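Colleague: Listed in order, the protein sequences are those of chains A and B. Under this note's numbering, the residues of the first sequence are numbered 1 to 184, in order. Under this note's numbering, the residues of the second sequence are numbered 1001 to 1569, in order.
These aren't lab readings, by the way, just hints derived from the structure by calculation. Please read all numbers here as calculations on a predicted model, not as lab measurements. Accuracy of the hints is not assured; some may be wrong.
As the list claims (entries may be wrong) - Lysine-lysine pairs mimicking DSS-like chemistry, simulated, CA-CA at most 25 Å apart:
# : chain 1 : residue 1 : chain 2 : residue 2
1 : B       : K1380     : A       : K106
2 : A       : K133      : B       : K1563
3 : A       : K90       : A       : K158
4 : B       : K1563     : A       : K46
5 : A       : K161      : A       : K48
As the list claims (entries may be wrong) - Stretches of chain B that chain A covers, calculated by requiring three or more beta carbons in the stretch to come under 8 Å of a beta carbon on chain A:
# : stretch
6 : 1063 to 1071
7 : 1075 to 1088
8 : 1537 to 1543
Cβ coordinates follow ideal geometry from the N, Cα and C atoms, glycine included.
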Amino acid sequence: MRRISMALGMTAVVLSAQAPPPYTRTLETYTVPDLVLVNQDGAKVKLKGLLDSGEPIILDFIFGTCTTICPVLSAGYANLQAKLPPGGPKIHLVSISIDPENDTPKVMRDYLKRYRAKPGWDFFTGRREDIDKVMNAFNAYIPNKMSHYPLTLIRDPKTGKWIRIFGLMSSSEFMAECKKAGLL
Amino acid sequence: MSSRPEPGAFRRLLAPLLGVLLLATPALAQVKPAPAAAELTSEQKLVLGERMYRQGILPSGEPMSSIVSGDVQVAGTSFSCVSCHLRGGLGSWEGGIVTLPTNAARLSIPRYWKFPNLSLEERKELKLQNPPARPAYTDATLAHLIRTGRDPGGTDMHPVMPRYYLSDPDMAILLHYLANLSARHSPGVIGDTLHFATVITPEVSVDDQQAMLVPINNYVKRHNQFSAGFGNRMYLGVGGNEMSGAYRKMALSVWRLQGAPDTWGRQLEAFLAKDPVFAMLGGISYGDWKPVHDFCERSQLPCLFPITDLPAVSDTDWYTQYFSKGYYQEGQAAARYLNGLDNPAAARKVLQLVQDTPQGRALAQGFREAWAELGQPPIKELPLPREGALDASGLAAILDQEKPSTVLLWTGDSIYPALDALLRKGPTPVNGFLSARLLGAQVTSLPEQVRAHVWITYPYREPHLEPKFSAYADTLLAGLTKRHPETRVSTRTYAMVQVLRQALMDMDRHFYRDNLLDRIGMQRDQILPDYLRLSFGPGQRYASKGCYIMQVGPGATPVLVRKSEWVIH
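Okay, chain A solo, but in the shape it has when bound:
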């Protein structure tokens, strides 16, 4: 019976996967938890200081061996970096691992290299408890990394509010959202 319900569930997802809804956009207020994460160079970084610094920030949740969503989100980051004019506004791209057991600094460095990430895109990992706190703080908690969803959070540098984008954006839509948020 479990198998039947799984099959039906999968069918439903296939159907929805063929005709994806446009992404949704909401404005949210989040409290960044006061904890320390580790970046791809092994450096400890205070998350609150990083995200509340006032600099333009975009945040997503990914993991190094993700099959489908993270590669697309990361390709979006790479494209955004490629399109930012030299000497223009700097946007700090932040990716936070949801697979902290596997995503060591070395794994994260290799991942960024695969996407030809430029300076300004950092990948963070940490203790599982801390990662859970970060996911909860951004209303992004998932108990199982395989069931995560595409989420991009853009911090409005003027108001400190977060633009929550649920779904996958095209490159032009991503640029438009950054402009709308005053990042470009």
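Fit chain B to the known structure of chain A by using the hints.
Modeller: Just chain B now, kept in the frame of chain A:
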């Protein structure tokens, strides 16, 4: 479900593709053109096609170029077909997005929305009339799908599927690879039975052999009894037929190795030639697992969770799924813990004293490599004399000469009488590190006077929490007369069975060895006996990735006291 293309959709797709092509032109101009597909042998095309599928590299050596999400340009080196369709080609289900199979067996038949796993013969027998969502692919329609995202049934794939720009010769190579990807069931699928084997190396005690064989055999027996229920009404409908069609009985062979490890590879090849199996389940050895590991790589034979503390450590090997990196991982944890301490004095100068055994060498290698990865300078390593030969004065002499702040003592409890030397060094005692796994049952016999200065790597769940998890293994231990829970052989075997059980369900009727490993890679984290957490992911081959650092508590009957979080970084 299906939709026709919007006017101008192809033009909009083409524009960014042309952009990619123009960007790539200068580089392409310098590359010697690859031979035309027609000039290549089938084997050459398979090699080149596999590189396209797995690494996103064109036959020319350039990355494949694609577009996702409408206009997001992607180089094949970032991600490629294998990222979502996985190595066996049966696809994935992640984040609410289903990636459909792209293996030969599925591409060559129509796809149906309802009951997609039924064979065409079964559909006919069951008199199913519903039309397919798409017909079987031809080379032309598959090429069209890969370039545009539209299947021959008129359905547009999700925008996350890359739309690839591929020349006709490159496309022909990729199609040749797909036409051979998981085209036929792997060896070991014989009639209605999946054949498995397990391996026992010569030095393993009878009790430990039984501790592994009893739970596996109990599981196989239980699994094989399941088919008795297929006459029930719930299996007579279409869904029931689809479900029961994925079921195969199991058979288990026990391959007992003899002689020296350098002969094991040949012995295993002879076993496999005589008795083709689908995968190896468990297996047990007290020594280095590498000869068996290498055999599995050569034979492309999955091996699930062998009972070994000396696995082969590799970032790229594919066929053996381990519980952990064993002793190597404890060494890694010591390095990470020491590096993360707020007290930098402890890491001022580190010395490794290494017993010349596979266990000692693995611990030292794990520490050395993790320490280097953390950006720390190389440390000195000295061999320990034979067991029991180092007394307090001998250790004191080494400490006097080397003046370490922390000494890693990768040896057994024979070092205990020498540990007083840790206390003699000036105002601050030297910190020591020992391995709980290497100390075994003697871990809590650590001399009381040094307990505050000795850290112990401990790769399992905290002892006081373990019984309620290990108790689950009892469900498979009927008939096991001698129980030795301290070896964790039965509990680890139980854990292997749980992962296997789920993987067999997820594999459905797609009996390909790579698919078995793909399904394990897609499993959610498991909380099972012994290890705090087993986590998975495509290509992740060491399911438990952390370790605790403990100290021995005070008193005549001490307990281990946790001094760290689960050390993973």
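Colleague: For each hint, tell me whether it holds in the structure or not.
Modeller: Comparing the hints with the structure gives:
1. B:K1380 / A:K106: holds (24 Å)
2. A:K133 / B:K1563: holds (22 Å)
3. A:K90 / A:K158: holds (15 Å)
4. B:K1563 / A:K46: holds (23 Å)
5. A:K161 / A:K48: Within the cut-off at roughly 14 Å; holds.
6. 1063 to 1071: holds (count 4)
7. 1075 to 1088: holds (count 7)
8. 1537 to 1543: Our answer is that it holds, as 4 residues pass the Cβ test (under 8 Å) against chain A, meeting three.
Checked against the numbered hints given earlier, this structure breaks none of them.
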